[in-house]
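Asker: Sequence:
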Amino acid sequence: MTVAPAIIPDKIPPLPPQFPSNPRTLLLQQCKSVRELRQIHAHTIKTGSSLHHSTAENLLECSALLIPSAMDYALKLFDEMPQPHTEAFNIMIRAFILTRSPTSAVYLFLRMLAASINPDKHTFSCILKACSRLNSLEIGKQVHAYAAKCGLGCEEFVLNSLIHMYASCGDVGNGRNLFDRMPERGIVTWNAMFAGYFKVESWQEVVALFRDMLMLGAEFDEVTLITVLTACGRLGILDLGQWIEGYVQENGLKSNQNLVTSLVDMYAKCGQVDKARNLFDEMVLRDVVAWSAMISGYSQWNRCREALELFHDMQRAGVEPNEVTMVSVLSSCAVLGALETGKWVHSYVRKKQLKMTVNLGTALVDFYAKCGFILNALGTFAKIPQKNAWSWTVIIQGLASNGQGEEALRFFSLMLEADFQPNYLTFIAVLSACSHAGLVDEGKRFFHSMSYIYDIEPRIEHYGIMVDIFGRSGMIQEAYNFVIEMPIKPNAIIWRTLLASCKIHKNVEIGEESLKQLVKLEPRHSGDYILLSNIYASAGRLDDALTLRNQMKEKGIKKTPGCSSIEVDGVMHEFFAEDSAHPLSVEIYDKVDEMMIRIKEAGYLPDIAEARLDAEEDEKEVSVSHHSEKLAIAFGLIRSPPRAALRVSKNLRVCRDCHLATKLISKVYEREIVVRDRNRFHHFKDGSCSCNDYW
DNA sequence: TTAGGGTTAG
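Residues 1 to 695 (UniProt numbering) make up the first sequence, in order.
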């Protein structure tokens, strides 16, 4: 790039009459390219007007701020100005902020001070903005002191920028002090304060500040409302959100897309998902953020099918998803076990080169882990460029729930080595790893380290997993003592965990006590009665088992029927135990018989403890062989190509017999079988299961 | 010529 040479005559000639004395308007309206700029510059040199400060500054402003590609030209112009004034420095500082070079802005400010050019209030507000961008409280404070020294510390512009600088650099308290001392506050002042609270996620403060505003009758704008709506959503304050919606309607602000998106988000987060959807449907233009807000609304309230449907609508509407959209979509896929959609998302992410943010990476890891693809989860985890405590927690949990407890603990050590601070969720993952691997002593040690080393108060979930750790390993009495002595009142989940351990280890006495407690807390939970009745049955006390079942009948408590589903050629097929509704029913039952014969040859002994109680002794074996998951597997063997993996979902937990049978089926038929029950995935392969029989 | 917006995970 060449710049017209500056000619410095001895005497500045008067401006020619045909050239406007202030060419600013001409430049603003006419000059759209570097070429035109150069022509005008040449003209000013020819006429000598380039030596007038105002003309030179107008040229500088035009090149630095108005023509995006002319920054280099501006730099040369500036360098060739013999003695740039404050205005010229201000233009260049603003230009550096616009081009996202806050460091250059600060250097220029230092050059300005070195040249003894006095900064004005505009210089200070701009340079403070650079400090906010740099997140540098240190430089910001020095600029503050210098502004005070120049007698500009009480200028409204400077104060507004100072409040914003302090608040957005993390020193909200100092920002608030300045804010409180201001005699008059305009919208800019209030919004600067809101921005600070927003940045540090002090939602309560946002709402309190807005209530102050309303009380004082201060003026606010759409940006204020967006901030407050975000806070209402995070805090679940529906009434204030509704008041804002009324205000938006009355004042005709619905054309502001961002504001309506905030309303959608607020309603969704406050649990009014359908109201959010109505607003969303009314929007004339929906951008990626609006779609993402609505999809995440469904996903947050576990309406995962609707989330995925809306995602498909979004694609039909031709709106390209971004990495934020994909986080909610993957979370829904993980809950539903929607493997194909989730895999498609991953390939889309790669194809479109979406940014592998820590949230997106973590959502992918979680998706793969929840679908039982722990190798993909590990591979994806390794590729997250910047991990955080959440990503580590998700991979630890993923390993634990896929039966790799020891490996999960190894990852926990790696997490600590990498200097990430574990949180209460991390300890849920770590303790479940101990539970899966049967590591009682380690579990106790980690549990105690929570409060002693990491200053994290154990929550009821942590107590629950400890009960599980003791109970699974057969230490039923210790588990019971632990429950009795825990400082939090045990809830139904704690007693149910204990009851389930009593079932594994056939402990009738503590089992009975657990049910007694459970009936007080959740009298209509059918699974609890079934558990105790199974304990009675496996201890040979069939009469007690039957009495309990009759009590259930009298109370009108119905057992949730077991239901397994399997996807074949994109169609879901559902089966209930001893169900003959399927069109291929005859073939399916034949296949079951064949399966039973073949796995018996491989050493299968039926476990009839969980057979129907009303079945005769000789019917029990047939009864368990007709459990819903066996029917689903038989159907899968008939209809899928040889060696294809079978993927079954079950609404309840897999029973012992089905677990044992499925292991052998995987070996005899050389099939990988993945069963997702209500708690976790079981990955059956070559006669064993990823859960290591801890389920 | 000052501030500045909405969507993210168990």
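Hints in this document: simulated from the structure, not taken from any laboratory. One thing to keep in mind: the hints can contain errors.
[Claimed, not checked] Dumping the calculated DSS-like pairs for lysine-lysine here, alpha-carbon to alpha-carbon at most 27 Å:
hint: 1; residue 1: K558; residue 2: K600
hint: 2; residue 1: K600; residue 2: K553
hint: 3; residue 1: K506; residue 2: K520
hint: 4; residue 1: K553; residue 2: K444
hint: 5; residue 1: K444; residue 2: K355
hint: 6; residue 1: K516; residue 2: K559
hint: 7; residue 1: K600; residue 2: K555
hint: 8; residue 1: K383; residue 2: K444
hint: 9; residue 1: K516; residue 2: K555
hint: 10; residue 1: K685; residue 2: K667
hint: 11; residue 1: K520; residue 2: K489
hint: 12; residue 1: K141; residue 2: K121
hint: 13; residue 1: K46; residue 2: K32
hint: 14; residue 1: K121; residue 2: K149
hint: 15; residue 1: K121; residue 2: K343
hint: 16; residue 1: K355; residue 2: K343
hint: 17; residue 1: K620; residue 2: K600
hint: 18; residue 1: K591; residue 2: K506
hint: 19; residue 1: K352; residue 2: K383
Asker: Could you run down the list of hints and mark each one as holding or not?
Answerer: Do the hints match the structure? See the list:
As the CA atoms of K558 and K600 are separated by approximately 33 Å, the hinted pair breaks the 27 Å bound. Among the hinted pairs, K600 with K553 is inconsistent with the structure: their alpha-carbon atoms are about 36 Å apart, more than 27 Å. Between K506 and K520 the CA atoms are separated by roughly 23 Å; this keeps the pair inside 27 Å, and the hint holds. This hinted pair does not check out: K553 and K444 have alpha carbons roughly 41 Å apart, beyond 27 Å.
Proposed proximity of K444 and K355 is contradicted: the alpha carbons are some 40 Å apart, above 27 Å. With a CA separation close to 18 Å, the supplied pair K516 and K559 stays within the 27 Å bound. A C-alpha spacing of about 40 Å is found between K600 and K555, which places the hinted pair above 27 Å, so the restraint is violated. Taking the CA atoms of K383 and K444, the gap is near 33 Å; set against the 27 Å cutoff, the hint is violated.
Taking the CA atoms of K516 and K555, the gap is about 15 Å. The hint holds against a cut of 27 Å. Distance check on the hinted pair: K685 and K667 sit about 7 Å apart at the alpha-carbon level, within 27 Å; holds. Annotation: proposed proximity of K520 to K489 holds, straight-line Cα distance about 13 Å (limit 27 Å). For the hint linking K141 to K121, the alpha-carbon distance of about 16 Å falls within 27 Å, and the restraint holds.
Between K46 and K32 the CA atoms are separated by roughly 21 Å; this keeps the pair inside 27 Å, and the hint holds. Proposed proximity of K121 and K149 is supported: the alpha carbons are some 12 Å apart, at most 27 Å. Among the hinted pairs, K121 with K343 is inconsistent with the structure: their alpha-carbon atoms are about 55 Å apart, more than 27 Å. At most 27 Å may separate the alpha-carbon atoms for a hinted pair to count; K355 and K343 meet this at roughly 17 Å.
Of the supplied pair hints, the one linking K620 and K600 holds, its CA atoms being roughly 16 Å apart against a limit of 27 Å. Between K591 and K506 the CA atoms are separated by roughly 33 Å; this puts the pair beyond 27 Å, and the hint is violated. Our distance criterion of 27 Å between C-alpha atoms is met by K352 and K383, whose separation comes to about 16 Å.
In terms of the numbered hints stated before, the structure departs from hints 1, 2, 4, 5, 7, 8, 15 and 18, listed from lowest to highest.
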